[in-house]
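Student: Each chain, letter by letter, is given below.
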Amino acid sequence: MRYIEPHGHMVSRVTDDYIDMATAGCQAVCEPAFWAGFDRSSVQGFYDYFCQLTEHEPKRAAKFGLRHYTWLCINPKESEDTKLAEEVVSIIPKFLDRPTVLGIGEIGLNKNSKNEIKVLEWHIDLAARQDQLILVHTPHLEDKLKGTRLIIDALKSDRRIKPERVIIDHVEEHTIKLVLDAGFWAGMTLYPESKCTPARAIDMIEVYGHERLWMNSACDWGVSVPLAVPRTGLEMKKRGHAEQAIDRMIYQNPVQFMSQCPKFTLA
Amino acid sequence: MTRQQVLDLYFMDTRCKLIDLAAFLDRIDRAEGEADFRLNAFRQALKELDGKEPQRAKQVLLAFSDPTTKPIAKATTKAACGAFKEVEG
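From first to last, the protein sequence lines are chains A and B. Counting from 1, one number per residue, gives the positions in the first sequence under this note's numbering. Counting from 268, one number per residue, gives the positions in the second sequence under this note's numbering.
Any given hint could turn out to be false.
Claimed, not checked - Straight-line Cα separation of at most 27 Å, DSSO-like style, residue types lysine-lysine; simulated pairs:
id, chain 1, residue 1, chain 2, residue 2
1, A, K177, B, K352
2, A, K63, A, K238
3, A, K114, B, K345
4, A, K237, B, K325
5, A, K177, B, K319
6, B, K325, B, K345
7, A, K83, B, K345
8, B, K325, A, K156
9, B, K352, A, K118
10, B, K284, A, K238
11, A, K177, A, K156
What the hints contain is simulated information worked out from the structure, not anything from laboratory work.
From just these sequences and the hints, can you work out the full model?
Tutor: What follows is the structure, given as structure tokens:
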């Protein structure tokens, strides 16, 4: 079963995860910049992280035949400090020409604060000026609905942004329609305890169809499963989905979205 | 899938989750002290399971969600707790 992992935080994972993913049919892994589980103390910390994402991690993945792509930003959990955020946003352009950078992400909101929105708008402006794809993180749990609405408002208010070049991730049953109806791509994150289970993700595919939708494990340093995508492919099979429909959901759709960036190739 | 196939595939797993849910409520009852706002939110969300309306998963998620629309002044924590707590005053 071939598949793409369109959202995995591999810097937090062990080498065995790469082996397992390659063995399961993974063709490429895409890693958005995110929160390390603690706040970085300076812009230099982000500079080093962006070097790790664009230099070291692609080499680590290549040892197992996997292509590794990345997205850059300061994540919303560190956006309350706007002075630091401004400094970090200012160094991102230095990295955008690197061969494995697909765009700006995962930007978005966490607690839906005014400063988080300000930093989100800076990122949207940067993406628009540099003609970059955008990957958006939506808030957790009780904050998701409100945050998703605020994010859609921020994206829609910038007329330079084309919805088909934006994926809004971590949708659930109460937000997926908002995202798809606004013309954006939607990502479903397969987590054991939060976001959505494989069964619920497949429910949403059956209700909303296969257009502009992908699934990811978002595996990181928390409770997460690096093989969640192929396991969900297997569950789709058990539920009678055709091989072609499974391939579209776990391989063709992420390829279609990310191929909007000419640097994305599986050749 | 037919309803029979859905039952064949998911009944045992969902039965297990239902018993877990019941055991959680029993555990809460046996425990001492006051519960916080999450228990009320949980009981409100439970009512959605018994409804005849479709989209129960969506309704449960909405029951836990912050219904407000304006950004908050400042993020004082990074974490979410799973249920919306209305701020008094």
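Student: It remains to establish, for every hint, whether it holds in the given structure.
Tutor: Hints versus structure:
1. Note on K177 (chain A) and K352 (chain B): the hinted pairing holds, with a Cα-Cα distance of about 25 Å set against a maximum of 27 Å.
2. Restraint check for K63 (chain A) and K238 (chain A): the C-alpha separation of about 33 Å exceeds 27 Å, so the hint is violated.
3. Proposed proximity of K114 (chain A) and K345 (chain B) is supported: the alpha carbons are some 14 Å apart, at most 27 Å.
4. As the CA atoms of K237 (chain A) and K325 (chain B) are separated by approximately 25 Å, the hinted pair is consistent with the 27 Å bound.
5. Taking the CA atoms of K177 (chain A) and K319 (chain B), the gap is near 21 Å; set against the 27 Å cutoff, the hint holds.
6. For the given pair, K325 (chain B) sits about 24 Å from K345 (chain B) by alpha-carbon distance, which is consistent with the 27 Å threshold.
7. Between K83 (chain A) and K345 (chain B) the alpha-carbon distance is near 18 Å, which keeps this suggested pair within the 27 Å criterion.
8. For the proposed pair K325 (chain B) and K156 (chain A), the alpha carbon gap of about 24 Å is at most 27 Å, so the pair holds.
9. The suggested pairing of K352 (chain B) with K118 (chain A) holds, with an alpha-carbon distance near 24 Å, which does not exceed 27 Å.
10. For the hint linking K284 (chain B) to K238 (chain A), the alpha-carbon distance of about 20 Å falls within 27 Å, and the restraint holds.
11. Among the hinted pairs, K177 (chain A) with K156 (chain A) is consistent with the structure: their alpha-carbon atoms are about 16 Å apart, no more than 27 Å.
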